[in-house]
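Protein chains: 4
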Amino acid sequence: MNKAEKFFWPIRVYYEDTDSGGVVYHANYLKFMERARSEWFRKLGFELDQLKQEYGILLVVTALSISFTRPAKFNNEIVVSVEATEIGKASMSFKQDIIDKNNDGDKNKQIMCSAKVKIACLDANAFKPKPIPKKVLEEIKHGRISNS
Amino acid sequence: MNKAEKFFWPIRVYYEDTDSGGVVYHANYLKFMERARSEWFRKLGFELDQLKQEYGILLVVTALSISFTRPAKFNNEIVVSVEATEIGKASMSFKQDIIDKNNDGDKNKQIMCSAKVKIACLDANAFKPKPIPKKVLEEIKHGRISNS
Amino acid sequence: MNKAEKFFWPIRVYYEDTDSGGVVYHANYLKFMERARSEWFRKLGFELDQLKQEYGILLVVTALSISFTRPAKFNNEIVVSVEATEIGKASMSFKQDIIDKNNDGDKNKQIMCSAKVKIACLDANAFKPKPIPKKVLEEIKHGRISNS
Amino acid sequence: MNKAEKFFWPIRVYYEDTDSGGVVYHANYLKFMERARSEWFRKLGFELDQLKQEYGILLVVTALSISFTRPAKFNNEIVVSVEATEIGKASMSFKQDIIDKNNDGDKNKQIMCSAKVKIACLDANAFKPKPIPKKVLEEIKHGRISNS
Numbered sequence: 001m002n003k004a005e006k007f008f009w010p011i012r013v014y015y016e017d018t019d020s021g022g023v024v025y026h027a028n029y030l031k032f033m034e035r036a037r038s039e040w041f042r043k044l045g046f047e048l049d050q051l052k053q054e055y056g057i058l059l060v061v062t063a064l065s066i067s068f069t070r071p072a073k074f075n076n077e078i079v080v081s082v083e084a085t086e087i088g089k090a091s092m093s094f095k096q097d098i099i100d101k102n103n104d105g106d107k108n109k110q111i112m113c114s115a116k117v118k119i120a121c122l123d124a125n126a127f128k129p130k131p132i133p134k135k136v137l138e139e140i141k142h143g144r145i146s147n148s
Numbered sequence: 149m150n151k152a153e154k155f156f157w158p159i160r161v162y163y164e165d166t167d168s169g170g171v172v173y174h175a176n177y178l179k180f181m182e183r184a185r186s187e188w189f190r191k192l193g194f195e196l197d198q199l200k201q202e203y204g205i206l207l208v209v210t211a212l213s214i215s216f217t218r219p220a221k222f223n224n225e226i227v228v229s230v231e232a233t234e235i236g237k238a239s240m241s242f243k244q245d246i247i248d249k250n251n252d253g254d255k256n257k258q259i260m261c262s263a264k265v266k267i268a269c270l271d272a273n274a275f276k277p278k279p280i281p282k283k284v285l286e287e288i289k290h291g292r293i294s295n296s
Numbered sequence: 297m298n299k300a301e302k303f304f305w306p307i308r309v310y311y312e313d314t315d316s317g318g319v320v321y322h323a324n325y326l327k328f329m330e331r332a333r334s335e336w337f338r339k340l341g342f343e344l345d346q347l348k349q350e351y352g353i354l355l356v357v358t359a360l361s362i363s364f365t366r367p368a369k370f371n372n373e374i375v376v377s378v379e380a381t382e383i384g385k386a387s388m389s390f391k392q393d394i395i396d397k398n399n400d401g402d403k404n405k406q407i408m409c410s411a412k413v414k415i416a417c418l419d420a421n422a423f424k425p426k427p428i429p430k431k432v433l434e435e436i437k438h439g440r441i442s443n444s
Numbered sequence: 445m446n447k448a449e450k451f452f453w454p455i456r457v458y459y460e461d462t463d464s465g466g467v468v469y470h471a472n473y474l475k476f477m478e479r480a481r482s483e484w485f486r487k488l489g490f491e492l493d494q495l496k497q498e499y500g501i502l503l504v505v506t507a508l509s510i511s512f513t514r515p516a517k518f519n520n521e522i523v524v525s526v527e528a529t530e531i532g533k534a535s536m537s538f539k540q541d542i543i544d545k546n547n548d549g550d551k552n553k554q555i556m557c558s559a560k561v562k563i564a565c566l567d568a569n570a571f572k573p574k575p576i577p578k579k580v581l582e583e584i585k586h587g588r589i590s591n592s
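Chains as they are written, first to last, in my numbering: chain B, 1 to 148; chain R, 149 to 296; chain E, 297 to 444; chain L, 445 to 592.
These are calculated hints, taken from the structure and not from any lab test.
Not one of these hints is a red herring.
Per the computed footprint, the stretches of chain B lying under chain L, defined by three or more beta-carbons under 8 Å from a beta-carbon of chain L, are:
| hint | region |
| --- | --- |
| 1 | 14-22 |
| 2 | 27-35 |
| 3 | 41-51 |
Glycine included, C-beta positions come from ideal geometry on N, C-alpha and C.
Bound-form chain B, shown alone:
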């Protein structure tokens, strides 16, 4: 199975993202990852609000595991990767990393956190599983993402 290529989304860390420990608050990395997934869908040609209107679906996170390796700080430029790893009938799984853009040296030291995220396609009203629309499936499987 072909899958959409790995996608990268740059994010700047602002004060709102940090906590008094001096680094990004742990829950906020999940926000960064969702921003990147939203942009990944947009790159494939889909707007999440239009998917809701057109197909009556919501894409929601049903499970995730994340490990935090190195903290991001205020003003850091980070990059969030999105890679679809499994596409089911009504669910998808992603591998996502957050990478330190300004750490050019040791590649192993660039990863700040790493997650597996499972998404379910739900009926927007009933909140029950609903098949991913065919057009979306096709685009995910064969779509080409150019990181321009």
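Using the hints, position chains R, E and L against chain B.
Chains R, E and L in isolation, oriented as in the chain B frame:
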């Protein structure tokens, strides 16, 4: 005109509320103030979700001014006050302070920030002004709030 | 090994916690869980800011896995549980659930989300692992938590 | 007095920014405005973390007033303006608007919210007013911002 008595709501500051400056992130005081207004409505006998279901209204912030005097820090116990200062046909104004619970000394040093908040009553679908339900008006004007 | 008993912390869902999907935004459950862990430490006799001052340590999340079963909505009263499952030299693991307080019926339908959270004890300046202070270890292993 | 030209910063609305009312949560507009001010400083040649390291200063919000006219929704593309209106010895005032990028028609309908924000320059340790560094003052007064 009688108005509901001043109401106080205690809040604990957690990591999520702070930023890397070491203090509560400025926008988060607005969250604290809204929590206190929600509890004020509850004390008067109204649940905001039920107001939406029963009367088809939303209460939204249309304007606010706030001054920040002394910062709150992680783990601080603060108290948010709610005082209705004006009740119109489709709007209300509140005076709200955030008070340092652990500063028992100089009263003037207790106020951390102080705001005036204007709320509009909107039709939940049309997002246009809609009169505040009579029952709510009555309770705000004559209701008694006991800060137990 | 004896461990501190299971602890429960009640939380009310406010507007700030929800998103336009109509339910609590997924990353915000992590905030709820951290609030509960902070209160668990307090119940054991420790304030996180004092631990930093006295021992120079920070307790940070290094990994977590979470599954979301049923969404929480605006105004819901939920309860967050905290249970220490492993205590290492410089790390601890917790099992945490978020429970629907108002669902008294089927116990299985009460759990909204469920997580395993790993915490590391770090030197507050060097951000490197540092042994958990003995006094804290003792309290976690033998402490009694009364959910009054 | 010459002041730095008006500056514009584009922002995309994500799920994290919205609430169950279906629109951007009111406190989150303050985050958008701070992002834009951070980018305005960067455009003038200053990084806020470097200002702290080099000059020992923090720039903090001491007062703001904001009116909300039209709500922003999920997926909206908005633009935040930054205009310095007053530069004092240890404080600055800004006028900031949030503009609907996709509303090309009636100019009056483009403004979603409008704020006046007062910033103080504080000693990063003492949290007391400290003069704005000359180099920063010069850049603000005479700097040219090109909105490329």
